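Which chain is which? The protein sequence lines are A and B, in order. Going by the working numbering, the first sequence opens with residue 1, and the numbers climb by one from there. Going by the working numbering, the second sequence opens with residue 442, and the numbers climb by one from there.
Derived from the structure by calculation, the hints contain no laboratory data. Mixed in with the good hints, there may be bad ones.
Here are the simulated EDC-like cross-link-like pairs (lysine to aspartate or glutamate), alpha carbons at most 20 Å apart as the crow flies [said to hold, decoys possible]: (1) K771/B to E250/A; (2) K198/A to E103/A; (3) K771/B to E408/A; (4) K720/B to E401/A; (5) K444/B to D314/A; (6) K771/B to E396/A; (7) K771/B to D405/A; (8) K92/A to E117/A; (9) K771/B to D259/A; (10) K279/A to D259/A; (11) K444/B to D358/A; (12) K765/B to E250/A; (13) K444/B to D355/A; (14) K279/A to E396/A; (15) K279/A to E391/A; (16) K765/B to E396/A; (17) K461/B to E363/A.
In this text the structure is predicted, and so the values were computed from the model without any measurement.
In case you want the letters, here they are:
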Amino acid sequence: MKTFKIGGVHPNEHKIKAEDQSITLDLPKQGIVFVSQHLGAPSECVVVKGDKVKVGQLLTKNENFIGANVHSPFSGTVNKIDTIYDASGYRKEAIVIDVEGDEWLENIDRSETIKREISLEKDEIIAKIKEMGIVGLGGACFPTHVKLMIPEGKTAEYLIINGVECEPYLTDDYRLMVERGEQCLVGVSILQKALGVKTAYIGIENNKPKAIEHLKKLTKSFEGIEVVALHVKYPQGAEKQLINAITGREVQSGKLPIDAGCVVCNICTAHAVYEAVQKNKPLIDRIVTVTGLHVEKVANLFVRIGTPISMLLDAVGGVPANTSKIISGGPMMGKALFSTDTAVTKGTSALLLMDESDAHRGEPTNCIRCAKCVSACPMGLEPYLLGALVENEDFERAENESVMDCIECGSCLYTCPSYRPLLDCIRVGKYTVRVLQSKRK
Amino acid sequence: MNKLIISGAPHVHSPQNVNKIMWGVVIALIPTLLASVYFFRFEALLTVAVAVASCLFFEWAIQKYLLKQTPTTSDGSAVITGLLLAFNLPSNLPVWMTILGSLVAIGIAKMAFGGLGKNPFNPALVARAFLLISFPVAMTSWPTIRPLFGDAVVDAMTGPTPFGFLKEGIAQGIPLSQLMQSPEIPSYANLLFGANGGSLGEVSALAILLGGIYMLWKRIITWHIPVTFIGSAFVFATILNAINPELFINPWVHLLSGGLMLGAVFMATDLVTSPMSPKGQLVFGLGCGVLTIVIRVWGSYPEGVSFAILIMNAFVPLIDRAFKPRVFGK
């Protein structure tokens with residue numbers, strides 16, 4: 001069975017109750033929609049206080065190349081436009097909507113019928129994806145249309161769909177593949193057409209046999225889509241590692257997947273692309289795993305973007321008494337929330353609740369040179385060395401030791417028996433080296 | 442809900458930690474401990490107890506009174522140093538020498554450099570080298586084995602190791618084929634199971650291998666160093682033996698007697714004093730193996746393992762600089 005070649009770790013999977021049907025969450029009384037929900041240039045608000053909005057109506061627009069629109073997930077009245085804490089703990093501009101009913105724009109197809117025939121042409125597809133505000137739903141929120149516009153002189157040979165879900169606890173990709181497999185595959189076909197690529201591979205780790213089996217059956221009626229079962233190993237969902245696992249190719253240092261002839265998209269993104277292109281539906285909802293060892297009713301929830309986090313927590317039976325950490329995303333790369341007074345964004349793939357005993361990091365002690373970080377690093381780096389170089393502020397050597405190649409997967413810190421803050425140091429190193437590099441220019 | 446804790450990712454940690462690794466090594470050393478007690482009886486137990494107790498004491502005392510730190514004796518590393526030091530001593534060594542050795546191991550080789558993780562040289566081997574140079578006679582008169590069950594193999598109370606015996610014979614110009622017939626040389630089976638004279642932990646290759654397998658299973662060590670160490674020593678000895686079987690000892694005797702097994706499995710694999718990358722570990726193991734044979738064959742000491750490892754320990758910073766893992770996409 002295939003997997004990536006260098007490094008990797010095997011965290012406890014904790015895929016709790018992954019078999020339950022996902023639930024569509026009720027609408028909130030008030031929704032909070034952040035103005036910019038993507039990686040790139042900020043978006044611009046096009047509504048003002050007091051405006052009446054419908055579901056699917058444009059709230060913020062973005063004319064930049066690397067930018068994404070945001071549409072209203074609710075119908076109702078704009079209560080205010082204010083700065084509100086986001087998942088990272090920064091105040092960001094957001095549109096607060098008082099929800100009234102659930103009135104959608106007429107041109108959105110809300111029927112359940114699956115539309116397989118793709119009538120749009122290549123350029124129309126890309127324009128549609130940009131218009132509908134589609135971003136990568138794996139967590140990074142990179143605008144999807146940008147990936148589909150191949151720079152001149154480069155060619156895309158393979159479309160790689162990430163159904164790996166290598167983060168422990170998370171089962172949202174899994175449920176989406178099982179429950180909406182056909183829609184996902186139409187989405188993949190649309191992406192193939194947009195890229196002009198014949199072959200698409202869907203990488204799924206073999207801890208999700210139902211998803212593999214289901215999609216393998218479905219792909220028989222699609223052209224050029226192959227499901228690839230992968231050996232379970234973290235961080236297989238990282239772009240470079242997934243390309244390596246499926247095609248054996250290596251994206252060269254400092255290069256992009258397209259330089260290795262590949263474009264990588266998340267399976268959730270493919271599903272959103274289906275809805276945008278075939279149903280004219282902007283990205284206004286997503287699936288979110290809400291989980292934790294002590295959570296009463298672990299669930300995958302279909303929620304509108306802008307739904308307050310507290311509603312998701314209530315839906316799973318409330319926050320367990322001893323909860324001390326709430327993570328937005330998976331336990332390996334997710335962000336610890338500093339307050340639950342925020343809302344779901346396009347990038348919210350999961351909420352993970354941890355109790356007191358799991359919420360703390362171990363006390364760091366001396367490095368015992370066990371080399372576990374070296375063998376865990378999927379980029380072939382030496383995290384112990386990078387950590388020490390940053391601690392000694394030797395950023396020049398850190399740069400020579402390829403600190404910029406770090407993908408911040410956290411395998412080093414996960415595996416370190418001395419609980420050393422390796423990734424934290426490396427992040428400081430990357431930041432400082434980036435500053436030094438820009439000064440040099 | 443409690444006050445929320447904020448920290449950077451990752452938010453989960455592998456179940457492995459320093460204490461588990463160190464106590465894992467202690468568990469791996471148990472078969473060898475049992476073998477040494479079986480073959481050397483009470484004296485072995487005494488030497489081990491004294492070494493472990495004094496290593497723990499010196500670490501605790503130095504941290505508490507000299508460095509004013511919270512003692513970290515519970516991490517198990519001082520126990521390992523004590524066990525390994527004892528395993529490198531003859532069972533009849535005077536108790537005060539064992540205590541002095543423990544002070545050198547913990548005080549000079551470990552704590553003076555900054556404690557666990559900072560020492561460039563294997564503490565137990567530094568102490569062994571110190572004792573060997575300071576007290577060469579006491580350190581090289583090995584008591585013959587007296588198994589708990591059954592009779593002693595030979596009558597003499599003390600004698601050289603099979604290795605030392607062969608080396609002395611070669612020096613006197615006696616052909617090896619004749620030396621190998623002598624009663625001082627145990628059968629291969631006895632070498633494997635432990636019925637041969639030597640330091641405490643050197644007697645049973647089998648017990649050492651058991652410990653090595655346990656450490657591999659628990660992912661405390663990787664195969665790189667033990668395999669290249671033993672492999673290169675064996676290949677080198679085989680080549681020499683093929684050139685002149687009357688002058689150069691059979692590779693199997695090299696492998697099964699003396700400290701080679703103990704060194705390759707427990708001493709060279711010391712995490713702190715060995716290289717970080719798999720490539721570096723291969724080079725390190727190779728160097729240890731070749732140097733061991735060079736010292737055994739041409740050196741003036743009967744045994745070469747500890748010096749070979751100490752020399753390679755000194756090369757670790759250079760090896761770490763020169764042999765790096767391949768960076769993805771470079």
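Report task. Could you work out which earlier hints the structure fails to respect and list their numbers in ascending sequence? Result -> 2, 8, 10, 14 and 15
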